[in-house]
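Chemist: Now for the letters of each chain:
Protein chains: 2
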Amino acid sequence: MASTKSQIKKDTGPLAPTIFVIFGITGDLAGSKLLPALLGLYVKKELPDRFAIVGVSRRHFSREELREYLRDRMNIKHGQFFEEDIKHFLDHLSYEEGKFDSPNLYQSLAVHLKSIDDMWGQCSNKLFHLSIPPALYEGILLELSASKLTLPCSDGTGWTRVLIEKPFGNNTDTARNLDKLLGKLFKESQIFRIDHYLAKEALQNILAFRFSNSLFEPLWNREHIERIHIKLLEKETASERGAFYDATGALRDVGQNHLLMMLAIIAMDKPADTSQSDAMRRERARVLSKLIAIPKRSLVENLIRGQYEGFRRESGVDANSLIETYFRITTKINNRRWKGVPFYLEAGKAMAEDRVEIDVYFKGDTNGKIDRRNKILGTSRQNILTFRIQPDEGIKIRFFVKKPGPGMNTESKILKFHYADSPSLASLPEAYERLIHDAIVGDQTLFASTDEIMASWKFITPILENWSKLPLVIYAKGATEV
Amino acid sequence: MASTKSQIKKDTGPLAPTIFVIFGITGDLAGSKLLPALLGLYVKKELPDRFAIVGVSRRHFSREELREYLRDRMNIKHGQFFEEDIKHFLDHLSYEEGKFDSPNLYQSLAVHLKSIDDMWGQCSNKLFHLSIPPALYEGILLELSASKLTLPCSDGTGWTRVLIEKPFGNNTDTARNLDKLLGKLFKESQIFRIDHYLAKEALQNILAFRFSNSLFEPLWNREHIERIHIKLLEKETASERGAFYDATGALRDVGQNHLLMMLAIIAMDKPADTSQSDAMRRERARVLSKLIAIPKRSLVENLIRGQYEGFRRESGVDANSLIETYFRITTKINNRRWKGVPFYLEAGKAMAEDRVEIDVYFKGDTNGKIDRRNKILGTSRQNILTFRIQPDEGIKIRFFVKKPGPGMNTESKILKFHYADSPSLASLPEAYERLIHDAIVGDQTLFASTDEIMASWKFITPILENWSKLPLVIYAKGATEV
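Chains as they are written, first to last, in our numbering: chain A, 14 to 495; chain B, 14 to 495.
Keep in mind that a hint or two might mislead.
Note: identical chains are not told apart, hence a pair may lie in one copy or across any two.
To be verified - Under the rule of at most 25 Å between Cα atoms (straight-line distance), these lysine-lysine pairs were calculated in the DSS-like manner:
1) Lys283 x Lys426
2) Lys283 x Lys416
3) Lys283 x Lys244
4) Lys46 x Lys416
5) Lys471 x Lys244
6) Lys416 x Lys58
7) Lys303 x Lys352
8) Lys416 x Lys57
9) Lys248 x Lys179
10) Lys179 x Lys309
11) Lys376 x Lys429
12) Lys179 x Lys244
13) Lys409 x Lys426
14) Lys303 x Lys197
15) Lys409 x Lys376
Just so you know, these hints were derived from the structure itself, not from any lab. All of these numbers come straight from a predicted model, not from anything done at the bench.
Required output: the full structure, derived from the provided sequences and hints.
Modeler: And the structure:
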């Protein structure tokens with residue numbers, strides 16, 4: 014994109030001039046994820062030639078102070094980037110101070126954005142990122158709308174898009190309300206609901222793996238798969254995020270979004286055209302909508318809720334908190350492919366190790382039963398395909414070979430593949446780089462559709478409503494199981 | 014087995030006293046394979062407590078000279094065994110000198126064996142190993158029979174068994190004649206036809222892999238497999254075995270036996286009971302009997318015969334030899350599982366590398382056709398499962414993962430498992446140890462049945478008869494393809 018020419022002829026392609034407006038620029042997410050991702054894209058020359066970042070926050074900073082502050086928050090590793098690149102990148106950053114609920118802020122912001130457009134001689138694209146607590150979404154969205162910042166320029170150029178972070182509501186009703194509000198201000202094609210798990214390379218790779226290897230897809234059904242176990246275990250305690258966590262709980266924090274997205278990706282049907290964003294989102298939503306609600310008469314058999322010992326003593330946590338830091342759900346999917354196959358969804362804080370993975374258990378010689386913790390009682394000779402999401406992203410297969418010597422006894426071995434062993438795959442791009450890139454080019458594949466969000470809440474909300482009927486299991490920090 | 018007691022009560026179990034009679038004790042096979050295998054079993058205490066080896070040969074040796082001579086031929090690696098074990102092992106060896114076609118030899122041999130039985134106070138088992146050129150089989154078998162050495166002792170104890178090396182005949186007729194002769198002297202349960210490939214751990218493991226991993230067996234058919242390529246490539250030239258090779262050719266040397274056995278193992282149906290020797294042999298024979306004969310009208314399309322440049326100058330080789338040192342056969346199997354799936358059988362001397370392996374190509378996106386050398390013309394995205402038999406025994410799967418970054422492009426990667434990486438599997442027992450062990454305990458699973466032999470000759474003989482109608486392709490030593 015030659016700059017001289019583009020000052021005469023307007024840029025309107027996918028990398029046309031773009032302003033990123035970040036509400037909550039001084040927050041955790043902006044500092045630790047958004048800005049590093051933008052810097053990463055900038056260095057790789059994957060941002061538009063003309064881009065600006067406008068940070069919005071209540072706090073008082075001079076432009077210089079803000080740059081200093083953010084430079085620190087970005088936590089850039091020594092040697093990761095050239096100092097000059099960081100400096101040039103931060104030159105694109107400007108600041109708008111104000112209260113999110115004050116109409117004045119949006120008027121100043123409109124002037125601010127207009128001045129950038131004037132400098133570029135063209136109406137730019139605007140990407141609004143709500144990097145703030147969900148309670149503030151509605152107010153900001155309404156003010157954005159009132160100030161007409163959600164509209165394209167008067168000549169019809171310059172798209173506007175909004176990036177929304179999870180949690181998207183906290184039950185079916187609040188999610189529906191937020192959706193309605195968004196629907197009034199934006200078309201679905203302008204709304205980018207982030208679940209950063211969707212953009213993880215290791216998750217995307219599950220789709221590539223399923224749909225590019227004819228070896229596995231014929232086996233991907235109830236006839237050959239016995240059960241699937243999706244887990245997101247963290248060593249970390251709630252610690253500094255105690256107040257947030259006590260208000261949210263594990264099920265809302267990672268269950269409704271990350272775990273169900275993993276389930277959608279492992280279980281969805283293959284769309285006729287995997288390159289079509291709509292088709293991909295439709296199939297994810299379709300499989301989520303087929304999740305069987307946990308029957309009220311069998312809550313105890315299908316649900317475990319736990320809280321780690323000491324959670325109530327974390328700062329910001331109620332001394333009598335009944336919030337869950339661990340859950341385990343056993344569910345099934347009501348379609349031809351999966352009828353009868355149990356899916357286990359498990360997540361917890363303060364566990365023995367960090368481990369996010371999906372285990373696909375194939376049918377085989379199972380000598381003995383499986384208990385409700387997915388443990389095999391007795392011996393088994395089962396193939397297991399494991400997708401490790403983190404750490405050590407990779408794929409492994411447990412299979413059986415002959416023990417050397419007379420007879421036909423077998424022992425289990427592992428066929429494995431680690432991204433880290435593969436030079437071209439060793440540096441996986443950060444999920445947020447991918448998400449920002451896709452939002453700029455308008456590809457919604459890795460963003461949750463309204464149908465997906467509503468299907469996931471439809472499954473999760475009844476569990477939340479029945480949570481209090483279940484015993485709260487107190488587990489020791491560093492537990493391997495609950 | 015306590016020795017004092019056993020002198021009173023006779024041993025009759027699988028490890029009852031046994032004499033190994035080796036015809037051709039001074040030959041290559043006895044020195045390089047049989048005796049090392051017997052020594053290996055001896056050290057592992059897998060031979061009967063009371064065992065003797067009686068070597069038979071035309072050459073003149075004192076017992077001491079023979080021991081010296083064999084000690085050298087056995088080519089024992091320094092440190093592989095304790096000197097004391099080797100010495101004690103060789104103490105079990107005695108010698109019978111004579112001409113194979115002289116009745117006197119068999120009379121002396123009978124006296125020799127009787128004297129050992131007398132010493133042990135019990136009629137022992139006798140295992141006759143014909144470690145000699147096939148031309149001598151008939152004479153020896155007839156003399157053994159005439160001298161009644163093929164019969165148990167007069168009290169009905171002491172089994173007799175015969176181990177026959179390949180080649181078992183050199184076409185359908187000679188194989189049938191040999192079979193008839195054996196059938197007159199022995200029951201099928203006494204006849205152990207050796208194809209040492211059958212006893213290779215890596216081949217046995219294919220069965221374990223196929224039948225113990227529910228992941229793969231559902232894919233093991235024409236619906237999911239596109240073609241199978243079985244190859245046995247050797248760097249070695251005919252060199253010192255020129256005369257033998259010029260009389261035999263690659264198809265008889267390794268095609269009728271090793272390659273077809275590999276095919277049987279990769280393609281056979283699973284018997285109801287894999288622990289039943291008869292059932293295993295029956296399924297191998299059944300799939301071999303379904304091989305489709307190469308049609309006379311399409312010899313050139315389905316057969317390649319080659320000879321490496323310089324073969325005719327090898328010592329012992331006719332200067333105008335038309336014998337093949339390389340062949341490649343394309344065939345199919347006429348049953349439900351495999352109908353329409355091409356099987357490629359390829360073997361050659363003087364090739365670029367040593368490589369014995371089976372490649373199973375799964376159906377997938379094949380952009381382009383496959384030429385008759387099994388090369389894909391165009392690009393492909395096919396899963397390939399490879400069983401490497403030697404060197405570096407192992408299993409690998411070519412599969413596809415996502416290329417990092419935007420889009421859903423894939424690249425091929427390898428999931429692999431090497432025996433050598435696995436401590437418990439690192440020292441694979443020699444095929445001959447397994448074969449001798451199984452012959453002692455009477456397990457015929459790893460030996461070719463008469464049905465298998467006849468089915469394989471039925472497929473190979475017409476090819477041999479039509480060989481001369483095909484061009485003989487001369488290839489350079491070190492070729493990667495012909």
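Chemist: Now look at each hint and say whether the structure bears it out.
Modeler: Each hint, compared with the structure:
In the homo-oligomer, the alpha carbons of Lys283 and Lys426 lie at most 25 Å apart only across protomers (22 Å), although the nearest pairing inside one protomer, at 30 Å, exceeds that limit. Taking CA atoms no more than 25 Å apart as the test, Lys283 paired with Lys416 passes between copies only; the shortest distance there is 19 Å, against 38 Å inside one copy. In this assembly of identical chains, the alpha carbons of Lys283 and Lys244 lie at most 25 Å apart only when taken from the same copy (23 Å versus 36 Å across copies). Taking the shortest alpha-carbon separations for Lys46 and Lys416, only the inter-copy value of 22 Å comes in at or below 25 Å, while the best intra-copy value is 49 Å.
In the homo-oligomer, the alpha carbons of Lys471 and Lys244 lie at most 25 Å apart inside one protomer (21 Å), although the nearest pairing across protomers, at 56 Å, exceeds that limit. Taking the closest pair of Cα atoms, Lys416 and Lys58 come within 25 Å of each other only across two copies (19 Å); inside a single copy the shortest separation is 54 Å, beyond that limit. For the identical chains of this complex, Lys303 and Lys352 are intra-copy neighbours only, at 10 Å inside a copy versus 39 Å across copies, given an alpha-carbon limit of 25 Å. When the C-alpha separation of Lys416 and Lys57 is checked against a cutoff of 25 Å, the pair qualifies only between copies, where the shortest distance is 17 Å, while the shortest distance within a copy is 50 Å.
Taking the shortest Cα distances, Lys248 and Lys179 sit within 25 Å of each other inside one copy (22 Å), while across copies they are farther apart (62 Å). In this homomeric assembly, Lys179 and Lys309 never come within 25 Å of each other (Cα to Cα): the closest approach is 28 Å inside a single copy and 70 Å across copies. Proximity of Lys376 and Lys429 under a CA criterion of 25 Å is satisfied in both settings, with 20 Å inside one chain copy and 22 Å between copies. When the C-alpha separation of Lys179 and Lys244 is checked against a cutoff of 25 Å, the pair qualifies only within one copy, where the shortest distance is 19 Å, while the shortest distance between copies is 55 Å.
Both within a single protomer and between protomers do Lys409 and Lys426 lie at most 25 Å apart by alpha-carbon distance, with minima of 10 Å and 13 Å respectively. In this assembly of identical chains, the alpha carbons of Lys303 and Lys197 never lie at most 25 Å apart, being 28 Å within a copy and 69 Å across copies at closest. Proximity of Lys409 to Lys376 under the C-alpha cut-off of 25 Å is found in both arrangements, the shortest distances being 17 Å within a copy and 22 Å between copies.
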